[in-house]
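K.L.:
1 is the number of the first residue of the sequence shown in this note's numbering; add one for each residue after it.
Errors might be hidden in some of the hints.
The calculated BS3-like cross-link candidates involving lysine-lysine, where the alpha carbons are at most 30 Å apart (straight line), are [as the list claims (entries may be wrong)]: (1) K87 to K189; (2) K45 to K9; (3) K110 to K189; (4) K87 to K110.
Keep in mind that the hints were calculated from the coordinates and are not lab data.
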Amino acid sequence: MSVPTVLEKILARKAQEVAERSARVSLAELENLARSADAPRGFAKALMDQAKKKQPAVIAEIKKASPSKGVIREHFVPADIARSYEKGGATCLSVLTDVDFFQGADDYLKQARAACKLPVIRKDFMIDPYQIVEARALGADCVLLIVSALDDVKMAELAAVAKSVGLDVLVEVHDGDELERALKTLDTKLVGVNNRNLHTFEVSLETTLDLLPRIPRDRLVITESGILNRADVELMEVSDVYSFLVGEAFMRAENPGTELQRLFFPERGLPVSGSTLD
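Build out the structure end to end from the sequences listed, making use of the hints.
P.N.:
This is the structure:
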């Protein structure tokens with residue numbers, strides 16, 4: 001499996017992080033925490049119910065920074081952002097928990113989920129069953145499995161652990177080969193197509209449109225990266241794609257929830273806002 005350099009660095013650090021964390025809190029302790037966590041909110045069901053109505057099912061991302069862009073949002077209060085997204089019409093939340101490359105934190109996920117009623121995906125680089133159980137202990141409702149970061153055996157193992165602790169799985173692909181592997185290995189209903197090329201970092205919505213005919217109709221296609229304006233949204237909806245994961249476009253806006261509403265629900269009219277996060 002060929003792994004792009006940036007991803008290779010992230011995965012090497014992630015392996016160290018798992019070793020450090022499991023030395024502090026055992027898997028058995030984590031399993032106890034996972035069992036006592038709030039019940040899952042139904043991430044996949046929320047998206048599928050919305051998409052069936054041919055309404056935008058938006059996974060709104062809470063992300064402070066990225067390796068390629070640096071700090072994206074200076075004023076960063078996850079609970080406020082979560083409430084803003086909920087008010088703006090988000091179906092689910094995505095919260096970055098990677099510390100070293102995305103300036104994320106486990107607490108951001110806890111704070112965001114506690115501030116709203118939306119299901120939440122833990123957005124991180126999952127390479128070990130420990131992280132899956134940890135996600136449920138944190139209160140996550142879904143985990144992300146990135147095909148380019150995993151071999152088929154590990155991917156199947158992580159998906160099985162997720163199922164055992166009550167988590168939904170969103171599998172992310174970047175190209176046809178990864179899609180083939182994902183469909184062969186996993187039965188998850190959520191297939192995310194990342195429009196960003198992992199090697200060049202260029203973004204093209206054609207990636208989703210090209211892969212669409214190869215994805216079974218019983219799966220929910222989520223287009224990720226590159227949704228910046230109404231034309232992008234309409235291009236997807238014309239192709240029967242109603243699920244979106246959007247982060248940076250919202251994070252750079254003064255009020256993320258208002259930007260979400262402007263992009264996906266313009267017919268509702270924009271709220272009059274007295275502060276950045278009303």
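K.L.:
Confirm or reject each hint.
P.N.:
Results of checking the hints against the structure:
no.: 1; hint: K87 to K189; verdict: holds (27 Å)
no.: 2; hint: K45 to K9; verdict: violated (34 Å)
no.: 3; hint: K110 to K189; verdict: holds (25 Å)
no.: 4; hint: K87 to K110; verdict: holds (19 Å)
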